[in-house]
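Line by line, the protein sequences give chains U and L. So in this note's numbering, spot 285 of the first sequence is number 285, and the numbers just go up one at a time. So in this note's numbering, spot 139 of the second sequence is number 139, and the numbers just go up one at a time.
These aren't lab readings, by the way, just hints derived from the structure by calculation. Heads up, some of the hints might be wrong.
What the hints assert, rightly or not - Partial list, derived from the structure: chain L residues whose beta carbon lies under 7 Å from chain U: (1) 11; (2) 13; (3) 15; (4) 16; (5) 19; (6) 39; (7) 46; (8) 188; (9) 189; (10) 196.
Claimed, not checked - Below, computed lysine-lysine pairings styled on PhoX-like, alpha-carbon distance capped at 25 Å: (11) L:93 x L:70; (12) U:291 x L:70; (13) L:10 x U:291; (14) L:175 x L:145; (15) L:154 x L:93; (16) L:199 x L:20; (17) L:19 x U:291; (18) U:291 x L:20; (19) U:291 x L:23; (20) U:291 x L:42.
Ideal Cβ placement from N, Cα and C applies to all residues, glycine included.
So the chains spell out like this:
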Amino acid sequence: MEMDLLSLVEQGGCSAKLSAAELNEALAELPKITHDNILVDIETHDDAGVYKIRNDYALIQTTDFFPPVCSDAYDYGQIAAANALSDVYAMGGQVLTALNIVLFPAHLPLTILKEIMRGGQDKVQEAGGFILGGHTIANDIPIYGLSVTGWVHPDQVTTNDQAEPGDLLILTKPIGTGIIISARKNDLVSVNAYEAALDNMKHLNDKGASVLNQYGIKSATDITGFGLLGHAMKMADGSKVSIRIDSQKVPTLPSVMELIELGCIPGAAFRNKEFTEGHCHFEQNIDYNYKMLVLDAQTSGGLLMAVKPDKADDAINALIESGYPVSTIVGEVIKRNNQSVYVY
Amino acid sequence: MKTIDVKGMKCPMPLIETKKALKEIGKEESLRIIIDNETSVKNVTHYLEDNNLPVEKKQDGKIFELIVNKTGDESYETCNAEAYCEVPAEKDKSFVVMLAKDYLGEGEHELGHALVGSMLNTIKAMEVLPEKIIFMNSGINLVTKGSLFLPLLKELETMGVTIITCGTCLDYYGKMDDLEIGRISNMADIMESMLTVGKVINI
Numbered sequence: 001m002e003m004d005l006l007s008l009v010e011q012g013g014c015s016a017k018l019s020a021a022e023l024n025e026a027l028a029e030l031p032k033i034t035h036d037n038i039l040v041d042i043e044t045h046d047d048a049g050v051y052k053i054r055n056d057y058a059l060i061q062t063t064d065f066f067p068p069v070c071s072d073a074y075d076y077g078q079i080a081a082a083n084a085l086s087d088v089y090a091m092g093g094q095v096l097t098a099l100n101i102v103l104f105p106a107h108l109p110l111t112i113l114k115e116i117m118r119g120g121q122d123k124v125q126e127a128g129g130f131i132l133g134g135h136t137i138a139n140d141i142p143i144y145g146l147s148v149t150g151w152v153h154p155d156q157v158t159t160n161d162q163a164e165p166g167d168l169l170i171l172t173k174p175i176g177t178g179i180i181i182s183a184r185k186n187d188l189v190s191v192n193a194y195e196a197a198l199d200n201m202k203h204l205n206d207k208g209a210s211v212l213n214q215y216g217i218k219s220a221t222d223i224t225g226f227g228l229l230g231h232a233m234k235m236a237d238g239s240k241v242s243i244r245i246d247s248q249k250v251p252t253l254p255s256v257m258e259l260i261e262l263g264c265i266p267g268a269a270f271r272n273k274e275f276t277e278g279h280c281h282f283e284q285n286i287d288y289n290y291k292m293l294v295l296d297a298q299t300s301g302g303l304l305m306a307v308k309p310d311k312a313d314d315a316i317n318a319l320i321e322s323g324y325p326v327s328t329i330v331g332e333v334i335k336r337n338n339q340s341v342y343v344y
Numbered sequence: 001m002k003t004i005d006v007k008g009m010k011c012p013m014p015l016i017e018t019k020k021a022l023k024e025i026g027k028e029e030s031l032r033i034i035i036d037n038e039t040s041v042k043n044v045t046h047y048l049e050d051n052n053l054p055v056e057k058k059q060d061g062k063i064f065e066l067i068v069n070k071t072g073d074e075s076y077e078t079c080n081a082e083a084y085c086e087v088p089a090e091k092d093k094s095f096v097v098m099l100a101k102d103y104l105g106e107g108e109h110e111l112g113h114a115l116v117g118s119m120l121n122t123i124k125a126m127e128v129l130p131e132k133i134i135f136m137n138s139g140i141n142l143v144t145k146g147s148l149f150l151p152l153l154k155e156l157e158t159m160g161v162t163i164i165t166c167g168t169c170l171d172y173y174g175k176m177d178d179l180e181i182g183r184i185s186n187m188a189d190i191m192e193s194m195l196t197v198g199k200v201i202n203i
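Work out the full structure, taking the sequences as your base and the hints as a guide.
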């Protein structure tokens, strides 16, 4: 396939997500719903909704879709699917079924669409789930994603509102996909670094979810569009605690720090900066490049989990053995302070 | 005042160009940035303000002009001393040499060709060696079969200089199998090599 899908996306590097502030405003006046069976709703900005069917069985529902993040259609399909499935894993669950969500330009060759959907299908299959159908609409630019249903034992739901002071924060994947994609659009990144980013985005968080269950971890989230800082902030606010992040400990994809130094900072990072401003504090002598790193919008990022200190080493070892080799402690949970997150 | 025109560039290229230009200009200088993309105006302004560099913004229809003054504001110096002063000082010494033709200067080709040898010899004797020597276009004749300078380049390579050659160029001239030294590279790699060092010496 000759076509570079990235060339179809107009705003190079400045990604498609509506800002959190705009979203909050749009949702503000919708009536709040409560029901005994609803275990997790929109209230805490969690990754997915959870609905209890029986005392030992709850459904997880989520959806995620976006325009191309990479050049190749099959890669794109896999990444969009891995990203959508990730929300189920962030709740501590496993995947059951999925539906395709497809917007596709009528003038593009259908082979591209086939490849995108083959990528999605392969990832859902790898996750142990089944695609049951979907919906397709003609549109100016391609958009692909999934609506996913998963399940979890109600006692094992990991939400973003149960982090407690003293917990250590483990991150399972390196940061920097936003920066690498943006560099790719402008031909500034080596093939190796680009491929490392693709592999990172395709990597399912399924085994991370198993580690959540195995170590009785209560609070976790996946790192996506709002960046490490934005998602840590949501966890801190949801849990009514504060979080400290050691920016030097944050694992990065190859070439990321050099690209930030060059100025290859996508617009989404600045948008995340606006959204976290006033709620997050940066130590005064922190290097500017590290600030932008924790603000970089991720696609299909890793899990951020709040783990009791006595279980942290074992959890990290289990994560490394399950195929997340950079898993490491990037911060800690402290009592609620003036700011949601402190980055040093 | 230095001016950079980043019209038509997509985010984040305007920011990359701005950072580069800011490094180039002296302390007493100002920089004028001409942009036609509103997102980039926002991002570049954001970056400059984050680094305590006040920005003056003008707009003429769809064209924006940002003027940054590197003088006056001392907080930029003190606040960023750690992050910006130490590292660049060391970085500035690093350089790569780009040989995009097989001769030096304009005039008699024979002389130009011989001058390449004299330059490589001089490089060898320098205190700081280039990180890389990049060969492009007819420059590939210097690293392929029949080049008089292979022994000299081999010496430089053993001294730690990386030799890279443009694969597209080798292919174009049908010399893919004639490369005698170093490795084949692509444009992304070459750009990265040039953008991450203090200086690029272009021959």
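Cross-check of the supplied hints:
1. 11: holds (5 Å)
2. 13: holds (6 Å)
3. 15: holds (4 Å)
4. 16: Because about 4 Å separates residue 16 of chain L from the closest Cβ in chain U, which is inside the 7 Å limit, the hint holds.
5. 19: Holds - the Cβ of residue 19 of chain L comes within 7 Å of chain U, reaching about 4 Å at its closest.
6. 39: holds (5 Å)
7. 46: Holds, about 5 Å.
8. 188: With a closest approach of 5 Å, the residue 188 of chain L hint holds.
9. 189: This hint holds: residue 189 of chain L lies near chain U, its Cβ roughly 5 Å from the closest one there, short of 7 Å.
10. 196: Holds - the Cβ of residue 196 of chain L comes within 7 Å of chain U, reaching about 6 Å at its closest.
11. L:93 x L:70: holds (23 Å)
12. U:291 x L:70: holds (22 Å)
13. L:10 x U:291: Given pair residue 10 of chain L, residue 291 of chain U holds - Cα atoms ~22 Å apart, limit 25 Å.
14. L:175 x L:145: holds (9 Å)
15. L:154 x L:93: holds (23 Å)
16. L:199 x L:20: Holds, at about 11 Å.
17. L:19 x U:291: Judged against 25 Å, a Cα distance of about 16 Å means the pair holds.
18. U:291 x L:20: Holds: residue 291 of chain U and residue 20 of chain L sit about 19 Å apart, inside 25 Å.
19. U:291 x L:23: Holds - the C-alpha atoms of residue 23 of chain L and residue 291 of chain U are around 20 Å apart, at most 25 Å.
20. U:291 x L:42: Answer holds: residue 291 of chain U to residue 42 of chain L is near 18 Å, not above 25 Å.
Checked against the numbered hints given earlier, this structure breaks none of them.
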